[in-house]
Amino acid sequence: MKAIIYNYKIWINEIEPKKLVPILNELLHKSDYKVLNFVEHNFSPQGYTCLWLLAESHLALHTFPEENKSYIELSSCNEINNHSFIEKINSWIKENGLESKSAKQQITKP
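Per my numbering, the very first residue in the sequence shown carries number 1; after that it's consecutive.
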């Protein structure tokens, strides 16, 4: 196997973990990722971080309620699964009328 990591980073304007976690979990499974473990932490007074450990690397979610945005990052050594996940999450974002920006650009407050 070549030492290649495919990375996908995006900001979205959805911050509710109870909504995001099941969706991201479903998208991982539909993209044929093998989830090895899942950990999460709620910050006080606000904010949330979780991580899916994948056989192919990891997916992380970080919420920033004070700015009404979340950061999602997928790192994977499987190019096919990576592209599948990107297609599926972009469709989900569009279907739900969410705003998104690549991680190189941040969603800013109006």
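In short, the hints are calculated from the structure, not lab data.
Please note that the accuracy of each hint is not assured.
[To be verified] Derived CB-CB ranges, DEER-like:
id : residue 1 : residue 2 : range
1  : Asn96     : Ile4      : 28 to 36 Å
2  : Ser44     : Ala3      : 23 to 31 Å
3  : Ser91     : Val21     : 14 to 22 Å
4  : Gln46     : Ser91     : 26 to 34 Å
For glycine and all other residues, C-beta sits at the position ideal for the given N, C-alpha and C.
Quick rundown of the hints versus the structure:
| no. | hint | verdict |
| --- | --- | --- |
| 1 | Asn96 <-> Ile4: 28 to 36 Å | holds (31 Å) |
| 2 | Ser44 <-> Ala3: 23 to 31 Å | violated (39 Å) |
| 3 | Ser91 <-> Val21: 14 to 22 Å | holds (18 Å) |
| 4 | Gln46 <-> Ser91: 26 to 34 Å | holds (29 Å) |
Hint check: a violation occurs at hint 2 only; the rest are consistent with the structure.
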